[in-house]
Amino acid sequence: GENVEQHPSTLSVQEGDSAVIKCTYSDSASNYFPWYKQELGKGPQLIIDIRSNVGEKKDQRIAVTLNKTAKHFSLHITETQPEDSAVYFCAARSGGYQKVTFGTGTKLQVIP
Amino acid sequence: DVKVTQSSRYLVKRTGEKVFLECVQDMDHENMFWYRQDPGLGLRLIYFSYDVKMKEKGDIPEGYSVSREKKERFSLILESASTNQTSMYLCAITGISGNTIYFGEGSWLTVV
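Line by line, the protein sequences give chains G and A.
The numbers in this note's numbering rise by one with no breaks, and the one at position 12 of the first sequence is 12.
The numbers in this note's numbering rise by one with no breaks, and the one at position 88 of the second sequence is 88.
Take the hints with a grain of salt, since some may be wrong.
Dumping the calculated DSSO-like pairs for lysine-lysine here, alpha-carbon to alpha-carbon at most 27 Å [said to hold, decoys possible]:
(1) LYS70/A to LYS58/G
(2) LYS42/G to LYS70/A
(3) LYS57/A to LYS37/G
(4) LYS3/A to LYS107/G
(5) LYS71/G to LYS55/A
(6) LYS13/A to LYS71/G
Interface residues of chain G toward chain A, partial, derived using beta-carbon atoms under 7 Å [what the hints assert, rightly or not]:
(7) GLY43
(8) ILE50
(9) PRO82
(10) PHE102
(11) GLY103
(12) THR104
(13) GLY105
(14) LYS107
Calculated directly from the structure, the hints in this document are not laboratory data.
In this text the structure is predicted, and so the values were computed from the model without any measurement.
Idealized CB from N, CA, C, for every residue including glycine.
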């Protein structure tokens with residue numbers, strides 16, 4: 001089955017700096033890669049996603065890149081703010097809707 | 001706004017007790033899921049259901065069962081709770097497209 005590795009497990013940045021979280025996947029059939037943000041005491045929420053036919057996608061301060069050849073994808077957050085502090089999960093979907101495999105999470109702390 | 005409601009947010013149960021975790025959605029979505037979230041392990045799929053009375057095992061079904069008698073309600077059952085089932089449990093739904101997974105707020109279960 002699919003295996004998704006996520007690094008780093010914790011990340012501290014100064015407010016205004018950029019943050020990058022990286023994930024690798026193993027199944028070349030994976031075709032959809034969402035990113036979720038989980039704030040303290042809440043369930044994860046989708047923040048951005050990318051499909052396998054696209055190399056990069058941006059939404060304001062958030063961007064995701066995908067390298068299908070190397071089987072890795074990354075989340076980039078620019079101009080970080082304290083409200084960006086949360087746990088971030090990457091995921092990969094191969095096959096049907098049920099086959100979504102999540103990474104182990106990255107705890108991002110933005111220091112004011 | 002999508003609503004996935006997990007009625008029990010915090011539970012403390014004794015070893016050997018039968019535990020029910022309830023999840024209700026208001027989106028008329030077909031697919032419902034139960035995940036378990038543990039530090040360093042990410043989100044792991046326990047069971048999912050794509051229709052009333054239908055269920056499929058996920059990656060870690062041992063020690064759990066599920067029930068879906070109505071489209072909007074999906075229950076996770078721990079027949080005989082054990083301490084290694086202490087965890088956060090997340091209910092989730094997707095629509096027909098299966099792209100965006102909407103999560104509930106989570107149920108924190110402690111088994112003593």
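Verification of the hints:
1. LYS70/A to LYS58/G: violated, 39 Å
2. LYS42/G to LYS70/A: holds, 25 Å
3. LYS57/A to LYS37/G: The hint holds at about 26 Å.
4. LYS3/A to LYS107/G: holds, 25 Å
5. LYS71/G to LYS55/A: Outside the cut-off at roughly 31 Å; violated.
6. LYS13/A to LYS71/G: violated, 42 Å
7. GLY43: holds, 3 Å
8. ILE50: violated, 11 Å
9. PRO82: The hint is violated - PRO82/G has no Cβ within 7 Å of chain A, the shortest such distance being about 22 Å.
10. PHE102: Result: holds, 4 Å to nearest chain A Cβ.
11. GLY103: holds, 6 Å
12. THR104: Holds - the Cβ of THR104/G comes within 7 Å of chain A, reaching about 4 Å at its closest.
13. GLY105: holds, 5 Å
14. LYS107: Given a least distance of 9 Å, the restraint on LYS107/G is violated.
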